[in-house]
Every structure is written in structure tokens, then in C-alpha cells.
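**Student:** Chain residues, written in single-letter form:
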Amino acid sequence: MDNFTKYETGLKDDLIRLQIPLRTIEVLMVVFKSIYKQGVIDGMEESIKKFREPITEDRS
Amino acid sequence: MPKRQTDTEILDQAWFQDMSLSSKAIWWFLEKRVDVAGIWKLDIIQMRRILKCKINIERFLREVNKDYDKITGEKIDKKRVILINGGAKIWVVNFLAFQWGNSNSVVDLRYGAVRSGLKKIHEHGLLSMALKEGFLRVRKGSEGVEEEKEIEKEIKRLI
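Those protein sequences? They're chains R and A, same order as listed. Plus 21 on top of the position in the first sequence (first one is 1) and you've got our numbering. Quick note on numbering: our numbering labels position 35 of the second sequence as 23, and the sequence is numbered without any gaps.
Quick caveat, the hints were computed from the structure, so don't treat them as lab data. Computed from a prediction, not measured in an experiment: that's the story for all the values here. No residue lacks a Cβ here, since even glycine has one placed at the ideal position from N, Cα and C. Take these hints with a grain of salt, some might be off.
To be verified - A short, non-exhaustive set of chain R residues, derived as facing chain A with CB atoms under 8 Å:
1) Ile37
2) Gln40
3) Pro42
4) Leu43
5) Arg44
6) Glu47
Said to hold, decoys possible - Computed list of lysine-lysine pairs in DSSO-like fashion (alpha-carbon distance at most 27 Å, straight line):
7) Lys27/R <-> Lys128/A
8) Lys(-9)/A <-> Lys33/R
9) Lys128/A <-> Lys33/R
10) Lys33/R <-> Lys141/A
Work the whole structure out from these sequences, hints included.
**Tutor:** Dropping the structure here:
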């Protein structure tokens, strides 16, 4: 299991919590995965962590 | 100001290309005016005032509810918009699933808009038809697609 897959479910849940439409989430996940796998953006893993932390803490 | 999703590929679809200009205008109008469930109380005067064209709902329904068989090319019926409440209201049947669902028309009860839309569909007595005809499918989280009775129970519990 790659790092992106580890974050995928949590990311989706966070986006749903933000009430982002499912169709938009599908597109976002494809884009995120593509960027992540190609390593286009350095530190993507850190970005995902940073993206998730405040939402998870605030909303749980 | 609410924002709604739109399908850019609609321009490539034969049923849309075949519609008259006034029917295309009505479709455009409904995309903007229907409520979260896809329902709008018919007001022909308002529609005519905004669109500046003759409004023929019967013709619109004839044109919008058709499609072509992908293999034979024959004309087939396809429910996209129907009159409800004895013709007092009009319903864009896949509106909720298109706006809030995934690409398989599955909507998730974790969305406030979905709960609100399903409640309206239920109140209009259209939930059974929506599920049977496949206008939408419902799930809650990753628990899978729900049965109608379960959905009704959830709607009553959540709203």
C-alpha cells in the first residue's frame, strides 16, 4: 500500500465533511493521485498531512 | 449566490442537439430554478418573461425525454423531466444525483443537501419511483447502497 492510498480514505472523509460534492471529490482524487504518483510537487505527503490535521482535530 | 454543476458534454449528446431553441432555453432555465430536489412549481409567465420566447411545455417534454439507442440508433424514451402534482410542478429527475452524487448516481446521506433533497422527493411521493427507475441510489458513508425502507427510516431520523 503506497502512502497516497493510506491517506485516500481519510482525505475523502474530510472532503465529505466539508460538503464538497462527490463528483468533485472523484475528480480531485484523480488529480491528487496523479500529482502524488508523479512526484510533481515535492512534499505532497507533508501537504496532505497538514491539510488533514486541522480539519480532523477541529471536527472530530 | 448558489453555484451549480453543469455537464459540458451535454453539447455532444444527440438528444440535446436535437432540441429546439426554446426547449434548450427551458432546460437552461430549469437548471437554474429548480430546488435541491430538482423540483420547480411551474410558472409559465415568469419563464416567458425571462426567456423571451414562446413556452410550450408539452413540446419541451417530448424533446427532452427522448434519446437514441446506442446500437440501433432507434429513438427511445428516456425520463429526464416529468410533470408532477397533476402538472402543477416539474421535476428534473436526476438533478439531486447529478449535483451531489458520484458518477454512478449514488448520493450519500452524510450531505445536508442530499438529506434535504430526499426529504422533498419523499414528501412528493416520488422516492419509490426515484429508486425503482434508478434516478438515484442512496448510501450512508461506506455502508453500501440502502434499501428504500432503510432510506425512509434514515430520512425520518435525520431530518
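**Student:** Each hint needs a verdict: does it hold in this structure or not?
**Tutor:** Verification of the supplied hints:
1. Ile37: Holds - the Cβ of Ile37/R comes within 8 Å of chain A, reaching about 6 Å at its closest.
2. Gln40: holds (6 Å)
3. Pro42: holds (5 Å)
4. Leu43: This hint holds: Leu43/R lies near chain A, its Cβ roughly 4 Å from the closest one there, short of 8 Å.
5. Arg44: Holds. Min distance 6 Å.
6. Glu47: Glu47/R check passes; min Cβ-Cβ to chain A is 6 Å, inside 8 Å.
7. Lys27/R <-> Lys128/A: holds (22 Å)
8. Lys(-9)/A <-> Lys33/R: holds (21 Å)
9. Lys128/A <-> Lys33/R: holds (14 Å)
10. Lys33/R <-> Lys141/A: holds (26 Å)
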